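Peer 1: So you can see what is in the structure, the chains are spelled out below.
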Amino acid sequence: MADIFHYIFAVDFAYSALRVTTPILFAAIASVVAERSGASNIALEGIMLFAALFGAIGSGLTGSLLWGFLAALGGGLVIALLLAYFGLFLKTDIILAGIALNTLATGGTVFLMFAIIGDKGSTTSLISRSFPRIDIPLIRSIPVLGPIISGQNTLTYLAFITVFLVWALLFKTRLGLRMRAVGENAEAAASVGISIKRTKFTALIISGLLAATGGAFLSMGYMSGFTRNMVSGRGFIALAAAAMGQLSPLPTLLASLVFGFFDALSNILAAMRIPDEFVKIIPYLATVAGLVIFSALQVWRLKGKRAEALKAQGKEEKSGA
Amino acid sequence: MKDPGQNKISLENRFEALRFFCAIGIAILLSFVIIILVSREPFTALRNLFLGPLSSMRRFGNVVELAITLTFSGLAVAVMFSANQFNMGAEGSFYAAGAVAAMTALGLPLPPVIHPLFAILLGGLTGAVICAIPALLKAKWGASELVSSLMLNYVFFYFTRYFCNTVFKDPDSGYVSTYLLPLTAKLPRIIGGTRIHLGLFIVIAVTLLTVIFIKRTRWGYALIQTGRSPGFAGYSGINTSWVLIYSQLLGGFIAGVGGSVEVLGMYDRFQWQNLPGYGFDGVIVAILARNRPAWVPVAAFLLSYIRIGADRMSTATDVTSEMIAIIQGIIIMLVAAQAFMSRQRQKMLIKEIRSHG
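Chains as they are written, first to last, in the numbering used here: chain A, 1 to 321; chain B, 1 to 357.
Incorrect hints may have been included.
[What the hints assert, rightly or not] List of simulated lysine to aspartate or glutamate pairs, EDC-like, C-alpha gap at most 20 Å:
1. A/Lys120 to B/Asp318
2. B/Lys169 to A/Glu277
3. A/Lys172 to A/Glu184
4. A/Lys91 to B/Glu12
[Stated by the list, open to error] Here are the simulated distance ranges between beta carbons:
5. A/Ala188 to B/Val167: 51 to 61 Å
6. B/Glu16 to A/Lys303: 37 to 47 Å
7. A/Arg301 to B/Leu180: 52 to 62 Å
[Unchecked claim] If the Cβ cut is set under 10 Å, some of the chain B residues that face chain A in the computed set are:
8. Phe21
9. Val38
10. Thr44
11. Ser148
12. Leu150
13. Val335
14. Ala337
Because the hints were derived from the structure by calculation, they are not lab data. The structure presented is a predicted model; accordingly, all values stated were derived computationally and were not measured. C-beta: ideal position from N, C-alpha, C; glycine also.
This is chain B alone, in the form it adopts within the complex (with noise of 0.2 Å):
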C-alpha cells in the first residue's frame, strides 16, 4: 500500500518541475523574440548568449565563480524568505560585509589562515546585524521590513564606502579603491586557468549546513511553520518573535560571509564604489529554488551561466547584457505564479486520482 499523502507530494514535485521548466521555455522563447527584434546579428548573439560560457575554460570558471557568489546571495534571501519576510538587506550585507573584510584584511596584521577567518566571520557579523534590524523594527513596532531593509541598504552601503574612500584609500593606485588586500587574507585560487577559488568549499559547506539547519533541526523546523503560517505556528507554542529575529540573522550572516569571501577570493583591492546588486540576485535565486536550500546552488548556476553568456554576448555583438533583466523579471514572476498552469494541475491530479482509483 501506498501512502496517499506520499502521492501527492510527489506530484506536486512534478508539477513543480514541469511548471519551472515551461517557465524557462517561455524566457527562452522571449529572449529569441527580443534579440530578433533588436539585433542585427541576431544569431551570433544568440549562440554567444547560450554558448559563450562553456567556449573556453576561462569563461566556465567564470560561471563557476558567480555561481559561488550568487550560491551565498540564493541561501541568505532563502532562509529569510522562509520565514515569510520580504527583507532584501541581502544588498546591504553583501556590501558591508565586503566592505568590513576588506578592512580586516587590511588594519588587522594575523596570521595566514586566522587572517581570512576572521574577516570572514567579523563580515558574517555585520551581515547578521544589518539584516536583523529590519526583522527588529518589524517585531517590535510593525514596521515594514521591505522599506526599511531597502533603505537601510543605501545607509549600510554610503557609512562604509566612507571609511573605504578615506582612511583604507590608496591614493596610488589609479582609481578609487583601497589599499592591496594582504596575501595572509585572501583566499587562494584552487583551479589553474581560471578564478575560482577556496570559496568553493565554503559555499559547499554552507549549502549543506543550510539544509541540515532546515530540515533536520528544531529551529528550522519552526522556522518552516512560522513562515507557512504565524497563527498556527503561535498557536502550537512557537515564539515567532524570535523565530522571525533568528531566521533575518541567519539569512544576513550566510550573506555577509558571501560578500567576504567575494572581496577576499576574487579582488585585488576593494573597489565597489556602487551596491554591486548581489543580494538582489539572491532574490531571484531563491525564488527560482523556491525558497528550498538544496536547490539554491542550481538556480544559482543558471542564473550564473546566462548572466556570463550574456556578458559575451554583449562583448561580441550589439545586444547589452542588460536584456537578461527583462528575461528574469519575467522567469520570476511565471515561477512565482500559483495560478500559471494551473489547468495542467487539475488534469495531472485527476489522472492520478483515477489510476489510483
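Same shape as in the complex, but just chain A (with noise of 0.2 Å):
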C-alpha cells in the first residue's frame, strides 16, 4: 500500500498523468463544441480510432510527420462528415448515427489496415512517425514542477492551448455565439435568421477535428503505430468528462485531468501484483462514479434553486397581499 503512494507522488506520476490526459482531454473538448451547439458528438470513439489509423499509415506510407497528420484529420473527417450528413441532413437520429459509426469505425479500421498493409492487429510492420516532446527551457530547470510540465509530447501542449481557443471560440466569437443560440434554443435563433444546419454542420466539423487530434496523439505519440480498439473506451470517457464539466472549456478539463489520473493510476498497477482484471477496472469504475457523483450534484443544486424560487414566490405573494 505504502508502495502506491510512493508512486503517486512521484514526479513520474504526474507527468504520465499529462500524458494519458491528452486523448482524453481532446475528445472531451471536441464534445464540448459539438454538444454546446445541440448537436451529441457520440462518435467520437469511431473518430479517434479512424483518425490514430490513418494517422499511423499516412504518415508510414509516406515519412512525413505532416502528412500523417493531415491524414489523422482526414481519416477523422470521414467519420464527423458521415455523422454530419445522417443526422443533419437525412435527419438519422444522432445518437443512433453515432452508435452507427462507431461500430463502424472498429470493423472499418481493421477492414482498411489489412487492405492497405495486410495485418489485422497492427501497423507495426511500418515504421510511422510521432510528435516529438519539446523540452522547455526556463520551465524545464523549475523544481518538481519542471520534469512533470517540460518534455511533453507536442500535442499535450497543444491540448491544454485548444482548452483555450475553444473557450475563446465560444464564447469571444460571432461563430460560438451562434452556436451557443442554436444550442440553447434554435428556433429563436432561426428566428433571428441563423442557419441551424450550417451552424450545427460547422461545430459538427471542427468537433471531429479536434477529436481526430486526440486519435493523432494516441498512434504518432501515446504509441508509435496502430494497434486495434487502440482507443478502448476513451471517446466514452470523454463523454462523461465533457457532461461533468457542464460543458464548459476549463471545468471539463478539469474532469479529464482526474479520469487521467485514474487512468494512470491503472498503468502503475499494472506493474504491481495486482490481478489485470482489477486493474483495467479503474478507469472505467471512475467514469460511473463521477458521472455519478456530478450528476447526483447537479441536481441537488437544481432542486436548492427550485426552493429558493418558490420561497421567493411566497414572500412576493405575501407582500403583494
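Work from the hints to combine the two standalone chains into their complex.
Peer 2: Here is the structure:
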C-alpha cells in the first residue's frame, strides 16, 4: 500500500497523468463544441479510431509527420462528415448515427488496415512518425514542476492550448455565439436568421477535427503505430468528462485530468502484483462514479434553486396581499 | 367504408418496407464496390459472401446458431430502446450472464433439466441487474445512460472474467478457459450435422412472450407510450420512472438469458477473453427491426446470414470479414434516417389521397 503512494507522489506519475489525459481532453473538448451547438457527437470513439489508423499509415507510407497528421485529420473528418450528413441532412437520430459510426469504425479500421498493409492486428510493419517531445527551456529547471510540465509531447501542449482556444471560440466570436444560440434554443436562433443546419454542421466538423487530433496522439505520440481498438472507450470517457464539466472548457479540463489520473493509476498498478482485471477496471469505474456523483450534485443544486425560487415567490405573494 | 386511419398505417408500413429494401440495396451495391476495389478475386469473394452460407448444411446451421444469439440480443435492445433509452448494457449483460451461467454450471451440482434452467435463470437475473443500473442512475440523478452503460460494460466484463480466469480456471486446458462444463448443464443439440441447440425453442418462446408483452399487456402499452412521448405518458397517469426501470430490467433479463443460452448451447468451456460484441449486434438488429419484437428474428437472421457469408469470404479470399462492419453502419443509418426517401413518401401519400379522394 505504501508503495502505491510512493508511486503516486512521484514526479513520473504526474508526468504520465498529463500524458494519458491528452487524448481524453481532446475528445472531451470536441464533445463540448458539438454539444454546445445542440448536436451530440457520440462518434468520438470512431473518429479517434479512424484518425489513429490514418495517422499511423499516412506517416508510415509518406515518412512525413505532417502528411501523417493531415491523413489523421482527414480520416477523422470522414466519420465526422458522415455523422453530420446523416444526422443533419438525412435526419437520422444523431445518437443512433453516432453508435452506428462507432461500430463502423471498429470493424472498418481493421478492414482498411488489412487492405492497405495486410495486417489485422497492428501497423508495426510500418515505421510511422511520432510527434516530438518538447523541452521548455526555463520551465524545465523549476524543481518538481519542471520535469512534470516540460518534455511532454507536442500534442499534449496543443491539447491544453486548445482548451483556451475553444473557450475563446465559444465565448468571444460570432460563430461561438451562434453555436450557443442554436444549442440553447434552435428556433429562436433561426428566427433571427441563423442557419441551424450550417451552424451545427460547422460545430460537428470542428468537433471532428479536435477528436481526430486526439486520435492522432494515440498512434503518433502515446504509442508509435496503430493497434486495433486502441481507443478502448476513451471517446466515451470523454463524453463523461464533458458532461461533468457542464460543457464549459475549463471545468472539462479538470474533469479530464481526474480521468487521466485514474488512467495513469491503472498503468502504474499494472506493474504491480494486482490481477489484470482489477487494474483495467479502474478508469471505467472512476468514470461511472464521477458521472453519478456529478449528476447527483447537479440535481441537488437545481432542487435547492427551485426551493429558493418558490420561497421568494411565496414572499412576493404575501407582500402583494 | 374504410377507416382512413387504417390506410395511413398501411401506407406507412409499405413505405417503411420500401425504404428498408432500398437501404439493403444500397448496402449491397456498396459491398460490390468495396470488394471490387480491394480484392484480386472479387467474384469469388462476392459469391462466398452472398451464397457461402448455403454451401453446406453445417454452414447454414452456423447461420441459425448465430441468429439465435442475435435474436436474444436484438429483443433485449429493442425492449430497452422502446423506452427511448440508449442503454448499451446488453453487451456487458451478455458477457457477465454467460460467465455466471458457466460458473453455475461448474459450481452447483444439480440434476439434468434443473441445472441448465437454474443457470439460465441466474444469468438472466445478472443481465437484468446490469441493464437496470444505468436506468436507475438516469431516473434518480439524470446521469447519461449511454455513457454509464458503456462504462459498466467494461466493469462487469472485467469483474466476472476475474472469477472465470482464477477460481474456475482449468490449468490443463492448454489455453485460458474454465473447466469443462458438465453435461448435465449443457443444452443438447437438436439437429444432426449442425450445432443448432435447444436454445432455438427457448428463443422462439422468448420472442413470442416479448411480442405478447409489448402488444397485449398494460405494461407493454405503457412502455410504448412512454417511449413515444414521456411527457404525454406522464400526464396520462403512467409512472414513467417505473416504466424506465422495468423496461431495462426486462431487456437485461433477455440479454442475460441469451448469454447463458449461448454459453451452455455452443461451448464446452467458458473461454471469452474479450467482450463478444453480441450486445452491440443487438443494436443493429433492433434498429433493422425498428424496435418491433416480431421483426427481430427476421433482422437477426439477415445479419447472421451476412456475417457467416463474410466469414466464408474471408477464409476463401483476400477480403476480411470486418468489411461487413462498414456495410452494417451504413444500413443502420439509412434505415433510421427519417429524411431518407422522404420525397418518395410524399409521392406515395399524394397518390393514396388522390385514389381515395
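Peer 1: Starting from B/Lys169, check that the Cα of A/Glu277 is at most 20 Å away, please.
Peer 2: Holds, at roughly 14 Å.
Peer 1: For the hint on B/Val335, does the least C-beta distance to chain A fall short of 10 Å?
Peer 2: holds, 9 Å
Peer 1: Per the CB criterion, is B/Leu150 less than 10 Å away from chain A?
Peer 2: holds, 5 Å
Peer 1: Given the hinted pair A/Lys91 and B/Glu12, is their Cα-Cα distance within 20 Å?
Peer 2: holds, 17 Å
Peer 1: Checking one constraint from the list: CA of A/Lys120 to CA of B/Asp318, max 20 Å. Satisfied?
Peer 2: Between A/Lys120 and B/Asp318 the Cα gap is close to 12 Å, so the pair holds against 20 Å.
Peer 1: A range of 51 to 61 Å was offered for this pair. Does it hold for the Cβ distance of A/Ala188 and B/Val167?
Peer 2: Roughly 60 Å apart at Cβ, these two residues keep to the hinted range, so it holds.
Peer 1: Restraint: B/Ser148 near chain A, CB-CB cut 10 Å. Satisfied or not?
Peer 2: holds, 5 Å
Peer 1: When you take the CB atoms of B/Glu16 and A/Lys303, is the distance between them in 37 to 47 Å?
Peer 2: Taking Cβ atoms as reference, B/Glu16 and A/Lys303 lie about 43 Å apart, which means the hint holds.
Peer 1: Would the hint on B/Phe21 stand, with a C-beta cut-off of 10 Å toward chain A?
Peer 2: This hint is violated: B/Phe21 lies away from chain A, its Cβ roughly 17 Å from the closest one there, beyond 10 Å.
Peer 1: Please check whether B/Ala337 passes as an interface residue: C-beta within 10 Å of a C-beta belonging to chain A.
Peer 2: holds, 4 Å
Peer 1: Is the distance from the Cβ of A/Arg301 to the Cβ of B/Leu180 consistent with 52 to 62 Å?
Peer 2: Distance hint for A/Arg301, B/Leu180 holds at roughly 55 Å.
Peer 1: Could you check if B/Val38 really has its C-beta closer than 10 Å to a C-beta on chain A?
Peer 2: holds, 4 Å
Hints 8 and 10 from the earlier list are contradicted by this structure; the remaining hints agree with it.
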